[in-house]
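Q: Chain by chain, the residues:
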Amino acid sequence: MRQDIGDGRGDGMRDKPTGDAALLLLADSRLPAGGHAHSGGAEEAVRLGTITGPEDLARFLRGRLATAGLVTAALAAAACELATATADHPAGPYGQADGDGNPPDAGTGAGTGADPAHPWRRLDAEADARTASPAQREASRVQGRLLLRTARRIWPSTVLDTLARAVPEGAHHPIALGAAAASAGCDPYQAAMAAAYISVTGPATAAVRLLGLDPVTVHRLLADLAPALNDAAHAACASLIDDVVPNGPAQNGAIQNGATHDGIAQNSAIQNGAPANGAAAKARGSGWPALPGHTAPALDLLAEGHLNNPMKLFVS
Amino acid sequence: MGAQHDDLHDAADPHGRALRLGIGGPVGSGKTALVAALCRSLGPSMRLGVVTNDIYTTEDAEFLRRAGVLDPERILAVQTGCCPHTAIRDDIAANLDAVETLEERFGPLDLVIVESGGDNLTATFSRGLADRQIFVLDVSGGDKVPRKGGPGVTMADLLVVNKTDLAPLVGADLTVMSRDAAAVRDGRPVLFTSLREDRSAHSVAEWVTSLVNTWKHANAHDHERTTPTTAA
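Chains as they are written, first to last, in full-length UniProt numbering: chain G, 1 to 316; chain Z, 1 to 232.
Fair warning: there could be bad hints in the mix.
Derived coverage of chain G by chain Z (criterion: at least 3 residues anywhere in the stretch with Cβ under 8 Å from a Cβ of chain Z; other residues may be distant) [to be verified]:
(1) 30–38
(2) 203–217
(3) 302–314
To give an idea of the chain Z side of the interface with chain G (calculated C-beta under 7 Å), a few residues [claimed, not checked]:
(4) G81
(5) H85
(6) A93
FYI, nobody ran anything at the bench for these hints, they're computed from the structure.
Every residue gets a Cβ at the ideal spot worked out from N, C-alpha and C, and that includes glycine.
Make a model of the complete structure from these sequences and hints.
A: Next comes the structure, spelled out in structure tokens:
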């Protein structure tokens, strides 16, 4: 349920639950973050005759949501969770060693040793690993960079500064979106919803512009997708820490109180060189490899074809 | 945690950066020709960068690169997703990113020109993107266009009416255009050009030079200045 996932937001970056209004702002196509110039493969699909009208478009959108949409939603949720957990404690357990020879805090004191940028690079690498097409990777990074530029002025926060520093060439779009969502006051579920929503509204709008489709018909298609959007956002949160840690009713309260409290506990455990016990020792971020990784070869091919089309109107 | 070093330019803070000049106007009015002319005239004395916003990706950028008026690497193209005015007004993120990329790669620069995609009379540059803007019309669009107004015609810092050489051929009355433009522009300047005959756009280049000098002077001596907006 939504409450199980989301209501820890009071422990996040804002004291008041501002998430709903922030979600609207974040998902609005009027957010000045460069999204209007991305078609998510729709332009190439139109060029190839794969999308010719509302029926084709509906199938395209449904497929996109079930694959790329779900993956970006899950990454956005994970990024939002990471941002929320590290907002007040940047050297929390997300900063722990990843097995690649990047040690965490050397034990010199709370929050002074671990590089807060490190978990962001790890999560960004998870996004990279889930994006097969180089053209899509580039488009995603451009969108992420533009979103971060915009979000840092609208919802300034240390976390967004850290992310910008961690991936200077531009974090992947869902990572930037999740971090921006947290800074805006959204919870992971809302971040996932924004990502899932954007994954279909961008292509839908592009199709309206490129084919001159009836905008009301296309919005009807989007409305028909509402249940699937809910499902995608929910599924996107399945791999988050709240589900990684077994959470019976008794533990719910602990989780809601927070991410950050857990963070401190785990952090000191790590700093003391003593592994924390049981499931709670499972570091945040350990679930990232299990995030959805659905592939959409058709979207990959569309992205690559689009890159080579000299007559394109959209960035992707 | 202390604040991180913030490497993000704030668009509202003009201090220490190049003047950003928007050039907008309808399709075919001569925007790209004007950009090429300005590069020809100003290139020898100024450090320039150019961002184009084409309908089709790189058409204008390629034209400028082939024209050989500027180091091709100093010309970046931005895609606008069928909505050229959105990219210069409502959502300027991609253009700002391109402008700052040029400044990072080649800076410090004196002037960055942002050429909009061909659009209609309602298009205008956001103040978050352009410090000053030129709107380019041409006489073959009809001598009634200045009277019709629109933000580009009425609010641009400079209105350029191009292709004066065609006036007799299309029956356009330059006097009417001049009078109508003056009536809606509240004293802001209007220049008539024929870029086909004057490939260096002499008068416009002079206006831009003066603008850049004023900008530099203001930035060097007036740190209080915070609003790079058009004077009323």
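Q: Hint by hint, say whether it matches the structure.
A: Taking the hints in turn, this is what the structure says about them:
{"no.": "1", "hint": "30–38", "in the structure": "holds (count 9)"}
{"no.": "2", "hint": "203–217", "in the structure": "holds (count 3)"}
{"no.": "3", "hint": "302–314", "in the structure": "holds (count 5)"}
{"no.": "4", "hint": "G81", "in the structure": "4 Å, holds"}
{"no.": "5", "hint": "H85", "in the structure": "11 Å, violated"}
{"no.": "6", "hint": "A93", "in the structure": "4 Å, holds"}
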